[in-house]
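Chains as they are written, first to last, in the numbering used here: chain A, 788 to 1122; chain B, 788 to 1122; chain C, 788 to 1122; chain D, 788 to 1122.
Since the hints were made in silico from the structure, they are not lab data. Some hints here could point you the wrong way.
Which copy is meant is left open, so a pair is good if it fits within one copy or across any two.
[Claimed, not checked] Calculated cross-link-like contacts (lysine-lysine; reagent style DSSO-like; alpha-carbon spacing at most 27 Å): (1) LYS1117 with LYS832; (2) LYS848 with LYS928; (3) LYS848 with LYS789; (4) LYS892 with LYS951; (5) LYS928 with LYS1062; (6) LYS882 with LYS928; (7) LYS928 with LYS816; (8) LYS789 with LYS1062; (9) LYS789 with LYS1117; (10) LYS1077 with LYS1062; (11) LYS837 with LYS816.
Treat the numbers as computed from the prediction; the structure is a model and nothing was measured.
Below, each chain spelled out in residue letters.
Number of protein chains: 4
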Amino acid sequence: MKIGIIGAGRIGKVHIENIATYVREMEIKTVADPFMNDATEAFCKGYGVKAVSKDPEDIFKDPDIEAVLICSSTDTHADFIIRSAECGKHIFCEKPIDHDIARVKAALAAVEDAGVKLQIGFVRRFDHNHRAVYDAVRAGKIGTPHMIRISSRDPEPPSIEYVKRSGGIFMDMMIHDFDMIRFLAGSEVTEVYAKGAVLVDPAIGAEGDVDTAIVTLAFESGAIGVIDNSRQAVYGYDQRLEVFGSAGAVQDENDIPNTVVISNADCTHYGTAYKVMWDRYTQAFVDEMKAFADAVVNDKETPVTGVDGLYPVLIAAAAKKSLDEGRPVKIFEVQ
Amino acid sequence: MKIGIIGAGRIGKVHIENIATYVREMEIKTVADPFMNDATEAFCKGYGVKAVSKDPEDIFKDPDIEAVLICSSTDTHADFIIRSAECGKHIFCEKPIDHDIARVKAALAAVEDAGVKLQIGFVRRFDHNHRAVYDAVRAGKIGTPHMIRISSRDPEPPSIEYVKRSGGIFMDMMIHDFDMIRFLAGSEVTEVYAKGAVLVDPAIGAEGDVDTAIVTLAFESGAIGVIDNSRQAVYGYDQRLEVFGSAGAVQDENDIPNTVVISNADCTHYGTAYKVMWDRYTQAFVDEMKAFADAVVNDKETPVTGVDGLYPVLIAAAAKKSLDEGRPVKIFEVQ
Amino acid sequence: MKIGIIGAGRIGKVHIENIATYVREMEIKTVADPFMNDATEAFCKGYGVKAVSKDPEDIFKDPDIEAVLICSSTDTHADFIIRSAECGKHIFCEKPIDHDIARVKAALAAVEDAGVKLQIGFVRRFDHNHRAVYDAVRAGKIGTPHMIRISSRDPEPPSIEYVKRSGGIFMDMMIHDFDMIRFLAGSEVTEVYAKGAVLVDPAIGAEGDVDTAIVTLAFESGAIGVIDNSRQAVYGYDQRLEVFGSAGAVQDENDIPNTVVISNADCTHYGTAYKVMWDRYTQAFVDEMKAFADAVVNDKETPVTGVDGLYPVLIAAAAKKSLDEGRPVKIFEVQ
Amino acid sequence: MKIGIIGAGRIGKVHIENIATYVREMEIKTVADPFMNDATEAFCKGYGVKAVSKDPEDIFKDPDIEAVLICSSTDTHADFIIRSAECGKHIFCEKPIDHDIARVKAALAAVEDAGVKLQIGFVRRFDHNHRAVYDAVRAGKIGTPHMIRISSRDPEPPSIEYVKRSGGIFMDMMIHDFDMIRFLAGSEVTEVYAKGAVLVDPAIGAEGDVDTAIVTLAFESGAIGVIDNSRQAVYGYDQRLEVFGSAGAVQDENDIPNTVVISNADCTHYGTAYKVMWDRYTQAFVDEMKAFADAVVNDKETPVTGVDGLYPVLIAAAAKKSLDEGRPVKIFEVQ
């Protein structure tokens, strides 16, 4: 299965390295990036990429290429999805599809019309811990879910440049958790209430965003949930969740680099959480790519569909509206 | 220090046993309960109580008795506080003072006027785990608090009789967490948003109450918080909390009866949480009583004052209003 | 049930406080200690002890006293056991009975002849964690035991004065573990091999003792075991054990004072082990005394019999011989 | 760096897959195995191996090949080391070098004469947990080591065919632990005492071997240690160790596949240990190969030298002699 990759920034490079190293079903034929330079070309060639380009059309027009990975900036996602669909190529697109709900819907319609496959890059669905929680819930081990709780905190805030164009904490960070909470609940979100604060960096507030947030959610099933986010957990990448139900509860803990415990006269201590996302989620990034290859090669539905891409954007939009208006917001208000 | 105890129900008996066994500074002279019977009298005598009565006035009028423990039903608390104050006796009163804010204020005014000490029975402040979290926060180990999270779930729902007159989940159960979150935050709550559901028992819903709830809180300091409650955690008494701040996070785990781990071919398992509150909180009940004795004997301020009794009632009232009206409610709206 | 206590040193005082506070079945009539002084008398009176004396005969000759607690120095244990037996009084005796096997046997014979009850103070059998391991083994949860492993380390070495007269590390410290390993194995030890070293304090070596030791044991059942001891674990009281069997394994971890976990930029840490034995084992000391009261009051066999007192002494003697001679030693060689 | 691999059995295939997938510094030119067949050839080709052969001489005589991986049966190791050295090729050899100490010494002499590099496959030195323990010890975090304890248990016993020719539990299984304990101690073993039992499978005993063993060790430094092994831990691959020292202790716990904890009415449980060695040690196998490539490419000493291969064989021989003769054995007795 030959693929093209659009965008050779940080996330694009991670996919290139992972595919070349672990995903034997895929071959990267072309990497296109408008800012392609010698260093990036050398990186690509080092991982056996056949061709590099500044023009995505070199991918879209290539009849050899069966699928496209869209790893460019968010504002280009919808257009590239539409273009890939027109060219009959299967699509893996990083999250979110777009901040604009109408554009998301247009992109999904194009995919629908073309009959190609679309997978959205909600990588945490493939994390071994979160997946094991999901499996336990689906296997009925905790009965009917009543409450779902996600704590999700990054080691350090993004640059202010990033904050300016990211769409805000709900659209660029909590969107992962909106996806995860739907996934775990097995039910759609109907209402959100968002409470935010600027506690990490006033410059984030100056951009009209918050850096700390707690969002309460209601589900069609009657369950309720809560997500907390912080842009800065000094102890590292903190991502834990819990599903509480009629017959018990299941939770996961952070991965740590090793199991060592040191006891001395002052303290008993063990390792801190990972401080680099790529170290923490290597396995999940590989597994999402294997799942995409499996969907394309064996003609299965992708495990994270276009609809799975739409809903978190709706929830994020409702959360932003809730924060702005200081009241709970129904999802249908933003739909 | 001679004391009288009003109310010899479940909580009254716990205090009698604990004081007789562990609190050498106190001597229980009289226990008064309108439903005093032979069995209760035998129980009291078995723990060395000098006299029993059906009339609280036998306590109020006894010049020997320096302090009164009010362990009767909530609707009697305010009146007994006022009467104790009139009689110049120090007061330990079980939580909540009353569901009616005006009555709470009247009781506090009487205490103020009489210059007696008042301690409210928020026993979890004395729990060794929660206390160690508090100490870590106060010692600055996690920097400035940004978010506080409490999960608090009971092993099984109370009887419907209890639900009818308890004042609802916010007033009878989450009130402990409202106290704890103020205590940990070191800052007053300004606004709450309550989301509730009836997922455990429809009969609870039929009484106009919910059995599952998530409440978001904002603090004067700018921090935000969230509390979740369920009336039924089948795995036992689940009470965990976390304070997340600028320099780290501190959390506690449930106590379990022993540290044993069994590994066999199917599973690795350790003990479940306590399923009986009195087993779980023995140490905390003893310590709160020792603290009350210390305040009276050594003329110190009690560690849980009348104001500490008022605020959680305000927060609970605001939470109820928020649930009823489907919107965030400021504390001053109910004040 | 009225008792007398001989010896009001550290362990004697612990029993006085525990019995007065928690063991309602017992009443301490007399405490006898040749070094009885005003401070000790005040201590005893503070816990409601009726009489104090310098002469143990005031206990032995008192017809009111049904049982004697022997908490004096080890060299007096055998004589006091014999005297108590002569007087028809039940006996609780601290471990070890004596360092001399012939004297142990003489004491047991006197008990046998008199038909009184004897319980030996192997308090760790009553520890909630070790007991839960024992229960899991007896319930068959790990199948047939194959290997038993005990790590047992004290926070700090005893005084050299103590080392001079203690009988050595095997007789004064590891004897607890010899008892525990028999208890867990449900089978007698047949052979030991002891390896020791002086690593903590050369002064201990100067007295002919070791401060660090590993002892391998073989059991009649075919199982094998190992115990390690150190006189100084700077991180506190370290007592963990594991039973490994045909169907799994069970182990326990140290108790720590609370469950709090603090995560900051440098480290994730939780509480250290207890550094004071009396804090660590309060529950166990109380439970052994309740078990003794139960045996006397309800005429049951004591849970730690005279034979249970003899075997650890035999194992300790064999371990000492093994260390001295640098070879494995059979228990029958010292019997 | 072009390499040849001798032996395409289980361990050979693991190295082929790991090198092809993760070790970009190495290229496998030839795989030689006397039992080479179509399936193995297809496996090799699937991982990009250039040539396969039944004759190791196709590797030894190939001037292109810089290093040889010896993955054949133990009885061939010494001869292949000598032959590789003659041909001036660097050598990675699986453990143990040989059961016969004279043959080990002859192989090391040949390596010495030829001036080639030799690394022995003690893969656990590269395990992330054990390595972190080692690092903590070397960094002085626990002061001077006093006692070292290793528990090492396999999920299931090997076939009786394997037992017949493996050299026994000390030579084929505990040899890993002999290497690890030297590595952690930073000091040579001077004496061992071995106690063994046949508790898992009588057929193992019928071959003159034991399946359960505890070995006590003394080190030059004065420290002492103990290793326990079982051929069958039904709960999976159990490998934990602890170094106890003058300033504290460091231990590691087993890796488990995920961090999920499920609490229900009966039990709180988390994942079992890995039951397949290759899942458990993927990272370690890759890292040992990267370390070998680094030693060859950058002309460094290998991290596990020929002497590191000799000492565990000496200790294993002493342990066997100790078991046979029922007495502690000095290492110089077998040297």
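Tested hints:
no.	hint	in the structure
1	LYS1117 with LYS832	neither (49 Å within a copy, 58 Å between copies)
2	LYS848 with LYS928	neither (49 Å within a copy, 58 Å between copies)
3	LYS848 with LYS789	within (13 Å within a copy, 39 Å between copies)
4	LYS892 with LYS951	within (24 Å within a copy, 49 Å between copies)
5	LYS928 with LYS1062	between (32 Å within a copy, 20 Å between copies)
6	LYS882 with LYS928	neither (31 Å within a copy, 36 Å between copies)
7	LYS928 with LYS816	neither (44 Å within a copy, 50 Å between copies)
8	LYS789 with LYS1062	neither (34 Å within a copy, 36 Å between copies)
9	LYS789 with LYS1117	neither (43 Å within a copy, 58 Å between copies)
10	LYS1077 with LYS1062	both (25 Å within a copy, 24 Å between copies)
11	LYS837 with LYS816	both (5 Å within a copy, 24 Å between copies)
Violated hints, listed in ascending order, are 1, 2, 6, 7, 8 and 9; each of the other numbered hints is respected by the structure.
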